[in-house]
Amino acid sequence: MNLANLFNNYEEAVAMILFGIGFSNLLLQKNLIKKIIGLNIMDTAVYLFLALKGYIEGRKAPIVVNGVQSVEAYINPIPSGLVLTGIVVSVSVTALMLSLTIRLYRRYHTLDLDEISTRLKKEGL
Amino acid sequence: MEFVQNFPFFSIILSLFAGPLCSILNGKWAKRVNLAVITIILAMSSAVLAFTLRTGDSYVYMMGHFPAPWGNEIRVGMLEALMAVFFCLIMLLCMIGGVLEREREIESTKQNLYYIMVNLLLSSLLALIYTNDLFTAYVFVEINTISACGLIMIRQNGRTFEAAIRYMIMSLLGSGMLLLGICFLYDLTGHLLMSNIKEQVAILNASGQYHMPLLITVGLISVGIAIKSALFPFHAWLPDAYGYSTLSSAAILSSLVSKGYIFLLVKIFYRVIGFDIVRDSKIINVLFVFGVIGMIMGSISAIKESNIRRMIAYSSVAQIGYIYMGFGFGTELGMIASLYHIISHAATKSLLFVAASGITDASGDSTDFFDLTGAGYRNKLAGIAFTVGALSMVGFPLFTGFISKLLFAQAAVDSYHKLLPALIALAVSTILNTVYFMKTVIRIYTPEKREVLAKKQYQVITMKDQKWKSAALVCFIAINLFFGLYSEPVVGLLERGLKIFA
Numbered sequence: 001m002n003l004a005n006l007f008n009n010y011e012e013a014v015a016m017i018l019f020g021i022g023f024s025n026l027l028l029q030k031n032l033i034k035k036i037i038g039l040n041i042m043d044t045a046v047y048l049f050l051a052l053k054g055y056i057e058g059r060k061a062p063i064v065v066n067g068v069q070s071v072e073a074y075i076n077p078i079p080s081g082l083v084l085t086g087i088v089v090s091v092s093v094t095a096l097m098l099s100l101t102i103r104l105y106r107r108y109h110t111l112d113l114d115e116i117s118t119r120l121k122k123e124g125l
Numbered sequence: 001m002e003f004v005q006n007f008p009f010f011s012i013i014l015s016l017f018a019g020p021l022c023s024i025l026n027g028k029w030a031k032r033v034n035l036a037v038i039t040i041i042l043a044m045s046s047a048v049l050a051f052t053l054r055t056g057d058s059y060v061y062m063m064g065h066f067p068a069p070w071g072n073e074i075r076v077g078m079l080e081a082l083m084a085v086f087f088c089l090i091m092l093l094c095m096i097g098g099v100l101e102r103e104r105e106i107e108s109t110k111q112n113l114y115y116i117m118v119n120l121l122l123s124s125l126l127a128l129i130y131t132n133d134l135f136t137a138y139v140f141v142e143i144n145t146i147s148a149c150g151l152i153m154i155r156q157n158g159r160t161f162e163a164a165i166r167y168m169i170m171s172l173l174g175s176g177m178l179l180l181g182i183c184f185l186y187d188l189t190g191h192l193l194m195s196n197i198k199e200q201v202a203i204l205n206a207s208g209q210y211h212m213p214l215l216i217t218v219g220l221i222s223v224g225i226a227i228k229s230a231l232f233p234f235h236a237w238l239p240d241a242y243g244y245s246t247l248s249s250a251a252i253l254s255s256l257v258s259k260g261y262i263f264l265l266v267k268i269f270y271r272v273i274g275f276d277i278v279r280d281s282k283i284i285n286v287l288f289v290f291g292v293i294g295m296i297m298g299s300i301s302a303i304k305e306s307n308i309r310r311m312i313a314y315s316s317v318a319q320i321g322y323i324y325m326g327f328g329f330g331t332e333l334g335m336i337a338s339l340y341h342i343i344s345h346a347a348t349k350s351l352l353f354v355a356a357s358g359i360t361d362a363s364g365d366s367t368d369f370f371d372l373t374g375a376g377y378r379n380k381l382a383g384i385a386f387t388v389g390a391l392s393m394v395g396f397p398l399f400t401g402f403i404s405k406l407l408f409a410q411a412a413v414d415s416y417h418k419l420l421p422a423l424i425a426l427a428v429s430t431i432l433n434t435v436y437f438m439k440t441v442i443r444i445y446t447p448e449k450r451e452v453l454a455k456k457q458y459q460v461i462t463m464k465d466q467k468w469k470s471a472a473l474v475c476f477i478a479i480n481l482f483f484g485l486y487s488e489p490v491v492g493l494l495e496r497g498l499k500i501f502a
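Just so you know, the sequences run in chain order A and B.
The opening position of the first sequence corresponds to residue 1 in our numbering, with each subsequent residue numbered one higher.
The opening position of the second sequence corresponds to residue 1 in our numbering, with each subsequent residue numbered one higher.
Keep in mind that a hint or two might mislead.
With a straight-line Cα cutoff of 25 Å, these simulated DSS-like cross-link-like pairs (lysine-lysine) come out [said to hold, decoys possible]: (1) Lys380/B <-> Lys464/B; (2) Lys499/B <-> Lys198/B; (3) Lys122/A <-> Lys304/B; (4) Lys380/B <-> Lys456/B; (5) Lys121/A <-> Lys304/B; (6) Lys53/A <-> Lys198/B; (7) Lys380/B <-> Lys439/B; (8) Lys304/B <-> Lys439/B; (9) Lys28/B <-> Lys110/B.
Selected chain B positions facing chain A (in silico; Cβ < 7 Å) [unchecked claim]: (10) Glu142; (11) Gly158; (12) Ile165; (13) Cys183.
These are calculated hints, taken from the structure and not from any lab test.
All C-beta atoms in this analysis are idealised placements derived from N, C-alpha and C, irrespective of residue type, glycine included.
Isolated chain A, as found in the complex (with noise of 0.2 Å):
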C-alpha cells in the first residue's frame, strides 16, 4: 500500500529525490562550482515541490482572459507566488556565492576547498 502511494505521487518522490542529490552535493563535493550546482539543484527541488502542490489538474493559472470566475476554474496563485520569491532569494544566493568563488579562485587559482584550506594554514594569514 505504501509503495502504491510512492507510485501515485511519483513527482513529489522525485522532488525529495532531487533535494537529497543537491543536498549531498553542497555538503560533500571539493569544487566551489560543484557545490554551487548542487545549491542550485537542491532550491529548484524545493520549487518543483511547491509547483507540483499548488497545481491541481485541469485548471489554469488565476488570470481572467475568457470571463470565466467560477473559483472551480483556476488554481491557488500563493504556490505559484512562493516559487518565485524562492527563485529571487536563490538567485542572489547564487551570484554571492560565485562572486566569492571568483574572489578565492584569483588568490589560490584552485576551485577545491580543502586545497584552500590547507594553504592557508602555510601561509597564516
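With the hints as your guide, set chain B onto chain A.
Chain B in isolation, oriented as in the chain A frame:
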C-alpha cells in the same frame, strides 16, 4: 489603535531603506546615518516595550489591508519588544566599539558598503523578531545570511574569504532544510500565518492524520535552524569567521546573528507547532544531546586555542550548546533559561570581543596568547572589561552569566530524566570555561619581564586614546552588572512574555 503600535513596522522599514541610502553616501555619512538609524530604532523599540508592558498583552499589526488568513502580519508582545530593544542596544555598542578597527581594516572606498550590510542585518533581525508569517521569516533569514556574509568578507584577506564561503555553504544547507520544512507545513495546513498553522496542526495532531510528515517537518526546521546557528557539529566555519573579520562584525555575528535564528526557532516551537507537540516528538532530545556535547567540545577546542579571538569564538560554540540544552529540557523553565542565556551571552560575548581587541591593541596587534603578558596593565580599562566578561562567562555571582547558569540548573532539577546529564555537563563545562578564561586573565595580569618590554615597545593605551571603545566597554560592563544584579524583573518579563507568546 495607538500610534506606538506602528513602531515595529516603522523600525523594520527604516533600517531596510537606510541600507540602499548608504550606498550613495560616502563612508563618513553612511556611518552617521547608520548610528542614527540604530539609535532611533532603539528609542522606538523602547516605546513599544513600554506600551506592551502597559497593556500586558500582545497585539497583531496588519500589513496592508488584508485580514488574517490572506494578509501578512506582525505580532508584538513583551518578549519580542524586549529582544528588539536589547538587540539594538548591543548592535549600537558593537558599532561604537569597533570604529577604529573599521577605519583601519576596511578600504576607504568600501566603508559605506559595510553600513549597508549592517542596516540590512538590523532590519532582518527585527523582522525575524516581529513577523507572524512563516515565509516572510524565510526570506528575512536569507537576507540575514547574505548580510552576515558581507560583514565577514568586508575585511579582505584569504582567511575571511574562506570563512565566508564556509559560512555560506553551511547556512545554505540550513536554509534549504528550513525552506523544505516550511513548504511541508504549508502543504499540510494550507496556511502561512503562524497562528493559523497552529490551529490546523492541533487538529491534525488530535486526529493522528499525517503524523509522520509532521514529525519530519519539525525535524527539518529544527535541524535547519540548528545548522544556521552553529550548533556543535556544524560550527566549522565559526572560529575563522569570528576570529579574522573586523571587530564590529565579530561582535555582531557572535552576539546577534545566531540569536536571531534561535529566536525564530523558539517562535516556531511555540507559535507554529505548539510546544506540547514539539516535546512529544522527541526532537528536543536530539537538540539536548548535541547541546550537551557542544558545551563540552566547544570548551575543549577553546582550551587548545592560542589565538585569543579564536578562543572567544570557540567559547561561542559552547554557549550555543547551553541554549539548545535549555530547549532540550522541554519545560517552560528551560525555555526561560535559554532566553535569558540569549541575552546574557549576547551581552558578554560582545564585551569580550571588544575588550580583547583593546588588549591586543596594547600588545602590538598580536593575538597570540603569550604576547598578551601584562596587557592588563598597559590598557587598564580593557583589562578590567575582559576580566568582567571572563567572570561572567565562568558564572561568577554579580554578573549575568551566573544568573543564566542558575536558571539552567533550576530547569535541570525540574526535569527528571535529564537531571544528571545536564548537571554533569554544566559542572564540567564551567570548569573548562574557568580553565581557559582564568588562564587568559592571569596571563594579562602577569607582569612582563623588563627586557622583553624594552625590546617590543608596546604602546600604553589610556581611556583618552580610544574614547569610543572605552565608552562602549563601560556601557557593556554596566549591562553585564545590570542583568546580573537585577535579573528578577527580566526573568519575570520573560515569563510573562512567553505566556502570551504562543
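Among all the numbered hints in the text so far, which are the ones the structure does not match? none
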